[in-house]
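Take the sequence shown: its letter number 242 is residue 662 in this note's numbering, and every next letter is one higher.
Calculated directly from the structure, the hints in this document are not laboratory data. This structure is a prediction, so every number in the text was calculated from the model and none was measured. Among the hints, erroneous ones may be present.
[Unchecked claim] Pairs of lysine-lysine, DSS-like flavour, derived with a Cα cap of 25 Å:
no.	residue 1	residue 2
1	763	735
2	684	763
3	497	569
4	581	735
5	684	757
6	673	735
7	483	558
8	581	606
9	610	569
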Amino acid sequence: MTNVMTTGIGRCILALFTTGIAVSAWAGEAEVANPHAVPNPPLVKVPFAFPGPRMENTPIVYKDKPMLVQNVRGNTKAAGFYLFIQDMVTGEEIAKFGDTFSFVSAYVNGEELNVFATENTDDDWTHDIYRFWSTDLKEWKKELAIARKPGEHLFNANVCKDDQGYVMAFESNAPVQWSFRFARSKDLSKWEEIEGIQFSDTAEQSACANPTLRYFAPYYYCIYGAWRWQGPGKWYEYRLPETMYVTYVARSKDLETWELSPTKYPMLDPVPGEGINNTDADIFEYEGNTYIFYATGDQQTWGTIRVAMYAGPMKQCLESYFPENVPKIVFNAREGKYIYPEK
Numbered sequence: 421m422t423n424v425m426t427t428g429i430g431r432c433i434l435a436l437f438t439t440g441i442a443v444s445a446w447a448g449e450a451e452v453a454n455p456h457a458v459p460n461p462p463l464v465k466v467p468f469a470f471p472g473p474r475m476e477n478t479p480i481v482y483k484d485k486p487m488l489v490q491n492v493r494g495n496t497k498a499a500g501f502y503l504f505i506q507d508m509v510t511g512e513e514i515a516k517f518g519d520t521f522s523f524v525s526a527y528v529n530g531e532e533l534n535v536f537a538t539e540n541t542d543d544d545w546t547h548d549i550y551r552f553w554s555t556d557l558k559e560w561k562k563e564l565a566i567a568r569k570p571g572e573h574l575f576n577a578n579v580c581k582d583d584q585g586y587v588m589a590f591e592s593n594a595p596v597q598w599s600f601r602f603a604r605s606k607d608l609s610k611w612e613e614i615e616g617i618q619f620s621d622t623a624e625q626s627a628c629a630n631p632t633l634r635y636f637a638p639y640y641y642c643i644y645g646a647w648r649w650q651g652p653g654k655w656y657e658y659r660l661p662e663t664m665y666v667t668y669v670a671r672s673k674d675l676e677t678w679e680l681s682p683t684k685y686p687m688l689d690p691v692p693g694e695g696i697n698n699t700d701a702d703i704f705e706y707e708g709n710t711y712i713f714y715a716t717g718d719q720q721t722w723g724t725i726r727v728a729m730y731a732g733p734m735k736q737c738l739e740s741y742f743p744e745n746v747p748k749i750v751f752n753a754r755e756g757k758y759i760y761p762e763k
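Please take these sequences and the hints and turn them into a complete structure.
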């Protein structure tokens, strides 16, 4: 595997991390889908892609170093799956663990790095979500975090801290493939599902996938993948006619009632060279700027990781997607449906 940060383009992105230079801008017009839509915040797609097939990832700062926690699904056999961590300054792979696991995410708790991932099998797809943790990236402990229900399959999970402890969003194939639910923990170890709430579009059967969760009081922000052709996808405009898979951002004060950003475009949608996909996004803040790492490709045969930058802190970035006094699409997580404003 190429050490990406040792290449010339890798040094370019490292410079972007430290200077916040804007290198490209959005462009393109499309038919108006939402008469209430406002311009998107200035999110810049950096002219860079990680080499090789990649998908799920979490950028973190651990012990003052920017790192990227990733997984490999190199073939159809679970034995070829594993988790690894890459130093984003040197490009070096500094940890490898979690054989047969994928759908990775990570959460930094002081000196402790927590990695959440899903167990894969050869004959029954995916199973439960486990927690790995370490204080030196060498010795890893493992325990069950979320057990699946009978007949269920679990996928991505993501964790943030709020004023009550920790919250996890975890993805499932039930009741809608794809959808996600929530769980709480006081210690990152023992998790209890929040009953009665599920981010599952049972009304229109549209995808609500690969959630990333952040909390800036009083709002939870959820970045998640969706389909262009169904549900809220019809309310956004797109830069490419072939686009299929995109990323939304929503906010909520209680995990029950969510508002979607009323922007002209989704938070992420493909540009030329990115295929039909912009999903599996995760986000971090580094030296005052915000970076969103996301997957490109076609969701089947190819894809890699690219980076979009917002010139400012994460709280400001997320807030900028929700101007006040603008009608917004609402998702009711108790009733499982989107509620649309009048056009």
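Hints, verified against the model:
Proposed proximity of residue 763 and residue 735 is contradicted: the alpha carbons are some 30 Å apart, above 25 Å. Between residue 684 and residue 763 the CA atoms are separated by roughly 14 Å; this keeps the pair inside 25 Å, and the hint holds. With a C-alpha separation of about 23 Å, the suggested pair residue 497 and residue 569 falls inside the 25 Å cut-off, and the hint holds. Under the criterion of a C-alpha separation no larger than 25 Å, the hint pairing residue 581 with residue 735 is consistent with the structure, at around 14 Å.
Between residue 684 and residue 757 the CA atoms are separated by roughly 21 Å; this keeps the pair inside 25 Å, and the hint holds. Between the alpha carbons of residue 673 and residue 735 the distance comes to roughly 15 Å, so the proposed pair stays at or under 25 Å and holds. Of the pairs offered as hints, the one joining residue 483 and residue 558 holds, with about 14 Å between alpha carbons and a cut-off of 25 Å not exceeded. The suggested pairing of residue 581 with residue 606 holds, with an alpha-carbon distance near 10 Å, which does not exceed 25 Å.
The straight-line distance between the Cα atoms of residue 610 and residue 569 is roughly 17 Å, inside the 25 Å bound, and the hint therefore holds.
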